[in-house]
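Asker: In case you want the letters, here they are:
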Amino acid sequence: MTVPVTWQDVAALLPEFFLVVWASALLLLDVFWIREKRTTAWLSALGFVVALVLAVGQMGRAPLLAFRGMVIADAFSVFLVALFALSGLVGILLAQDYLARNGIERGEFYVLLMFSVVGMMLMARVADLVMIFLALELFSLPLYVMTGFARPRADSEEAALKYFLLGAFASGFMAFGIALVYGATSTTSLPHMVDVIQAGEADLALLTAGAALVLTGLGFKIATVPFHMWTPDVYHGAPSPVSGFMAATAKMAGFAALLRLFVLVFPVVADLTPVLWALAALSMVLGNVAAIAQRNIKRLLAYSSIAHAGYMLSAAVAFADPHLGPQAVAAILFYLVAYVLATFGAWGVVILLERRIGQEGLLLEDYAGLSRQYPGLAAAMAVFMLSFIGVPPTLGFFGKFYLFRVVLDAGFVGLALIGVLTSLVSAYYYLRVVMLMYMKPGEPIVRREPRVQATVLAAAALTLFLGLTAASSLYAWATEAILRFG
Amino acid sequence: MFLETVAHEGATFFHLAPLAVFVPLLGVLLNAFFGRRWGERGVAIVAVGASGFAFVIAVLQALSLMAHPEGAVVPIAEWITIGDLRVAWAQKIDTLSVTMMLVVSGVGTLIHIYAVSYMHYDVRYKGDPGRYARFFVYFNLFIAMMMILVTGDSYLTLFVGWEGVGLCSFLLIGFWYEMDILGRPSTANARAAMKAFVVNRVGDAGFLLAMFLTFWFFGSLQFDEVFPRVHEVAAEHPWVLLAISLLLLLGVTGKSAQIPLFVWLPDAMAGPTPVSALIHAATMVTAGVYLITRSHEIYAAAPMAQEIAAMVGGLTALVAASMAVSQYDIKKVLAYSTISQLGFMVAAVGMGAFVAGMFHLVTHAFFKALLFLGSGSVIIALERAHHPLPEEGGHGHEHDEHGHHAEHHDEHEPFNPQDMRVMGGLLKRIPVTAWTYIIAALALAGIPPLAGFWSKDEILLEAKHLQPVVYALLSAAAFLTAFYITRQVLMVFFGKPRSEAAAHAVESPRLMTGVLVTLAVLSAVGGFMNAPGVHAFGHWLEHTLGHVPVLEFDPVVAGVSTLIGLVAIFLAWRVYRATFAWTEWSQDPLRRYLRGLYDVLAHAWYWDELYQVVFVRGYRALAGFLAFAVDWTFWHDWFHDVLIAGGYRRLSRFLSQPVDLGIIDGIANGLGNSVRGLALVMRRLQSGYVRNYALAVMLGVVSMLVYVAWALR
Amino acid sequence: MLWQYVPIAIMLVLSMGLAALIVALGHLVGPSRPTHRKMIPYESGMVPIGPGMRRQPIRFYRIAMLFLLFDIEVVFLLPWAVVSRKLGLFGFIEALIFIAILLVGYLYAWKGGALEWE
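Residue numbers (the numbering used here), protein chains in the order written: chain R, 1 to 486; chain G, 487 to 1199; chain L, 1200 to 1317.
The set of hints was computed from the structure by calculation and includes no laboratory data. Among these hints, one or two may not hold up.
[What the hints assert, rightly or not] The following residues of chain R were derived to be distant from chain L, with all beta-carbon distances above 12 Å: (1) V5; (2) V20; (3) V21; (4) F32; (5) G60; (6) D155; (7) A205; (8) W277; (9) Q373; (10) A416; (11) G442; (12) V446; (13) R484.
[Unchecked claim] Some chain R residues near chain L, calculated using beta-carbon distances under 8 Å: (14) S24; (15) L29; (16) V31; (17) I34.
We put the CB at the ideal spot given by N, CA and C, even for glycine.
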């Protein structure tokens, strides 16, 4: 028997390998030697920096199937892996002060976050159905624990249990879908599957049903209607940095696998197009409308994240069109960047204003008068809100622009119309935040936490700056992040 | 003449048979939906009309049978078709089923008429007049179910009726589910209903197994397909017929209250008295006897089962009769008496004396219904004397009927109008009730020439020839029967009144006494239809049961049984003569002779206590083990609470809320607020319950898959 | 194709719809007059014995979970052992890595006090 793994394989997954080893070591260091939890935080941040460097080092290389076709290192995955490494770094920057001030800082948090990021990275790399499931669980399980990290606060524990139960429920559908797809094509390897399907040997009915169930599992992670209901409760109950981290990265991970599967493997199940259409439309409508009724900023952002999942999904509706596939991928990646920046920033502001964990400073009224005392912070928040709405010249505008262009090119005029109209609706609640900050008097209390503040300001600057100057080059970069198998 | 024409020219009414089921069902629906609006008079007209119509149909069937004794099978509907199993719902009209139809609807209608008046008082004394209609809904339903039972042409249809009457029995025993028989808040009646239901389940399990076996070996459940093949199957698998007949017997011991499952019937007296008369004396409990008679071909092929059935019947007759001797509750005496008499019937049909058994079933329906209705009349008479209803101008308050009752009698034991110790001397106060009661009592005691004498004599005659041991048991039981019924008559109607109420008892209304008189006539002359030399009943059943050898009338047997009865009556008079002078009851005179044995009998041989220890406690121990060791875990709570119970409830809420709120809110808010209204609706959906969320996921998946299935069709 | 399953789907929809309809009807049409007696848990007429909720010590589950975890992981070593000769040095190293990961978890659980009973 030949040795199945070479150093090349390891090189293809270098950032992940590094992070796993680093996280394992950190776990032991933390329990045995490290006294000051802050040290663990810094060390894990350092790990993410190294992983980012390693990921950037992978850029420009030829696509490579590794570990006997389980994973792949292509431009798409490298793009996302870099983004995940960066997100991990931001996640730690947002979390550390918050955890410390609320007395829930434990070393495991950072380790869990690292493992979760590894899972997400693998979601971007998948080339095998089994790997999808493994990666999904690897990034989900730490998130469940992190959600309940504010133990013994009841709402945090409740959120964790809810998230876990429903996540397990959705994973069940996912696993069933994977089984059906395997049954339809007699292979779990995605490249083989493409061959089988092109040779016309797949059982289309089973494949479609399987794809629908896989869509359920992924739809749960990216929080599309009707698999979204956990989102407000979990985002609300989880510690704010965790919510921010989840809102940004879990969605990315879900979309990574969803795009790879649907654009590369499942174009043949074009019958699902109306299903995706409906999911996207429902998410946009329900997410935006429900957000209007929210008075709690965390719940508002949760519904907003549902709506944004809908926007991104609307581009994916064109997955079955071989010409539009790459364009849709690029548009979604671009939108993801815009969304992640604004999400991290907005949650950073939430963290700064949250006085006691889960209790004070979370209502929209608490943002009244922010512009008087903290003009920089208020301006940043305004930028995020405008980016969420899609007002030029923020990055969000370009994101929506590219998205809707794909949707229109694919001929889904109705869906594009729904997208534009719901964006208008969303302006109502996003602008209400801005209005409160700038027009209502109030005495908001804000933490002085330089790392968080810096992160927020950097995110705001990037949102504006990239929108003003580099939108098209960023889009070009995203366009190069092509999905392929070898 | 019309009837002549029918009987001779061959016009048949078989096709009308389904109406015997559907008209009572119509009565059920009408009274269920409109009963409260129509008031008591309307309810009574509908209910009695429905029951009476069923009786007319039954009579028409009987007339048709005179011209066409072979009968007919009247199809109603295709019911179940699964693979080889085809079950049509059809009615089998033959002399056996029509006999039952006549008894059920005939006696049933009389009891309906009686109940019209009786329930008028009962609902008022129990403090909820609104329940009047409900009673007749259940009563009509019972008639319909009983009709399904007796006309079913397969075991499965029979089983439907069997379960249906069980349900009605449950509902009617627990009719006053929130109190005990004295009207005190309690779960006693509900528990009695549950006991009847649960005990019957044990028997039904046997019936079900018998059906499974039958289907396995005969490939059918139709009577017409099973019975012709009995000999064939018996030759191949001798044990099968024994097993089937014994399992059927288990079902019979449940429904017909035989040893070992008779314990529910005394408790079933918690139901209103017409219920006891109709269901727990005249009709439903005789379903077991009918079942054995219907399956006579199977039993004929399993002699051992016949012996066992006869022994069960004989033992039950004796044991239950002994228990009846020492009861004080007027209805309990009759309950044990019913068990005992059912024992006579089961013994008869068990031995193979089907005609004798069915004959006793019919006469027993007459005189036992009369006894129960008479006891009901006594109870109401005492109630009315104790505190008259306001409409009768008594001293009760206009509205606070129940409160009045409680006010005066809270300190000590409330007045129990069923307790024979507070009766006495009622012969003068309520003569019609008393004399009809005495006629029925003599019929029960087997005094010639009343109905009970002929049928019981025929059973004893058969037993002497077929199974001498059973003959001995039944003779002993007959002795006790005459004794306890005499004791009851003496305690209730003779001597001096032993309470205020008994001294001022008033005769029941015409409607009730009219029914009593009718039944008294039937009890007196009903025996002649199969008296020696006539045997009309035997010839009538011959069309269904095949040729029945008629035993020669034996003056010795008849003489001995009459003598036994007379001696018992005399002894009872001797023993209880002493009580005639009492104005307050003290120790029972019989206790002086029997001592400890008397208490054993009064406690029904501690039979219930035995079951309590063996089954109930054992079961509880097992249940406790399961509950404590297995149940109290995360999984149970989670699964049961979150998924099943909650999910179901939430589902209804989930379905009703968006509709409700969505529509109403939408209109109320107008266009300007509609978006915000929708958002609020969604916030309502966001209930915070995991089960709702999981349900949303589930519904999403289901609709997706339904769509996929549709798209790929 | 899936055509043959359509009757099942129809059956499913019908039965669920019927159930929903019945529940909804009962909810909408039926009168609801809760009294104390009706609100008592009436399990087939039995008076309930003992409380429905009881606290359980978590320790038991913690140990059980750890046991399951390590037990299941060890199961994976069995197929490896069967073919370990064929896999050679590389397979050995892989197994070591696998065990090392387990070891990290074990050490963490140990140090974290998960194995303490009191």
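Asker: Confirm or reject each hint.
Answerer: These are the hints, each one checked on the structure:
The beta carbon of V5 (chain R) sits about 7 Å from the closest Cβ of chain L, which is not more than 12 Å, so the claim that it is off the interface is violated. At roughly 8 Å from the closest C-beta of chain L, the C-beta of V20 (chain R) falls inside 12 Å, breaking its exclusion from the interface. Its closest Cβ contact with chain L, about 10 Å, brings V21 (chain R) to no more than 12 Å, contrary to its assignment away from the interface. Distance check for F32 (chain R) against chain L: the nearest CB is about 6 Å away, which does not clear 12 Å, and the non-interface claim fails.
At roughly 30 Å, the least C-beta separation between G60 (chain R) and chain L is larger than 12 Å, which holds for a residue marked as non-interface. The Cβ of D155 (chain R) lies farther than 12 Å from every Cβ of chain L, with a closest approach of about 20 Å, so its non-interface assignment holds. Its beta-carbon lying about 5 Å from the closest one in chain L, A205 (chain R) breaks the requirement of being farther than 12 Å from that chain. With a closest Cβ-Cβ approach of about 21 Å to chain L, W277 (chain R) is found to remain outside the 12 Å limit, as its non-interface label requires.
Distance check on Q373 (chain R): its Cβ is at least 43 Å (rounded) from any Cβ of chain L, clearing the 12 Å threshold; non-interface status holds. Interface exclusion of A416 (chain R) from chain L stands, the closest Cβ pair being 32 Å apart, more than 12 Å. With 12 Å as the threshold on Cβ separation, the claim that G442 (chain R) sits away from chain L holds: the shortest Cβ distance comes to roughly 44 Å. Distance check on V446 (chain R): its Cβ is at least 35 Å (rounded) from any Cβ of chain L, clearing the 12 Å threshold; non-interface status holds.
The claim that R484 (chain R) lies off the interface holds: its Cβ sits roughly 29 Å from the closest Cβ of chain L, which is beyond the 12 Å cut-off. A distance limit of 8 Å between C-beta atoms decides the matter here; for S24 (chain R) the minimum to chain L is near 5 Å, and the interface restraint holds. Evaluation of the L29 (chain R) hint against chain L yields a violated restraint, the C-beta minimum of about 11 Å exceeding 8 Å. Satisfaction of the interface hint for V31 (chain R) is found here, the shortest Cβ-Cβ separation to chain L being roughly 4 Å, below the 8 Å cut-off.
Checking I34 (chain R) against chain L: minimum C-beta separation of about 12 Å lies over 8 Å; hint violated.
Comparing the model with each numbered hint stated earlier shows that hints 1, 2, 3, 4, 7, 15, 17 do not hold.
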